[in-house]
Amino acid sequence: MISTSLRVRFYETDMMEIAHHTNHLRWFEMGRIEYFRRCGISLWDMMQEGIVFPITKVSCEYKEVARFDDVLRVELTIASLSRAQCTFTYRIIRDSDNALICTGETQNVFTAKETGKIIRLPDIFFKPMKAVAEEE
Numbered sequence: 014m015i016s017t018s019l020r021v022r023f024y025e026t027d028m029m030e031i032a033h034h035t036n037h038l039r040w041f042e043m044g045r046i047e048y049f050r051r052c053g054i055s056l057w058d059m060m061q062e063g064i065v066f067p068i069t070k071v072s073c074e075y076k077e078v079a080r081f082d083d084v085l086r087v088e089l090t091i092a093s094l095s096r097a098q099c100t101f102t103y104r105i106i107r108d109s110d111n112a113l114i115c116t117g118e119t120q121n122v123f124t125a126k127e128t129g130k131i132i133r134l135p136d137i138f139f140k141p142m143k144a145v146a147e148e149e
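So the sequence shown is numbered by our numbering: it starts at 14 and just counts up by one.
Don't take each hint at face value.
What the hints assert, rightly or not - Pairs of lysine-lysine residues, derived as DSBU-like cross-links and limited to a Cα-Cα distance of at most 35 Å, are as follows:
hint, residue 1, residue 2
1, K126, K143
2, K130, K70
3, K70, K126
4, K140, K126
5, K140, K130
6, K130, K143
7, K143, K76
8, K140, K70
9, K70, K143
In short, the hints are calculated from the structure, not lab data.
My request is simple: use the sequences and hints to build the entire structure.
Here it is, written out as structure tokens:
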């Protein structure tokens, strides 16, 4: 499992004084970026090789609210990984009381930046991703 922490910022809250629901997807992205860091990969490295990683499917189930200044932990697990796609699952937990804020899933595909066509991920990226996924 990959884990990263964040603090809910004031601008992420809405008129109901809770974190707006769209931010949870951004927080999922923070988990994905941390996964790539753990793999020793920068998304810039992939883009320089002409590879992008768009989301093709996303889901989020909201359980509890998050409020300004809450410290949250984003936990990411790799549900599946192939050379063409990767599915991540997420849990966001409030540190103060271990409340489950939400769960979610994204499916991403590896595509050629210029054409948008699905490609097979080269070993330079796939091998470290697979190694970190297997550590879990």
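### Task
Any hints from earlier that this structure breaks? Give me their numbers in increasing order, please.
No numbers; nothing is violated.
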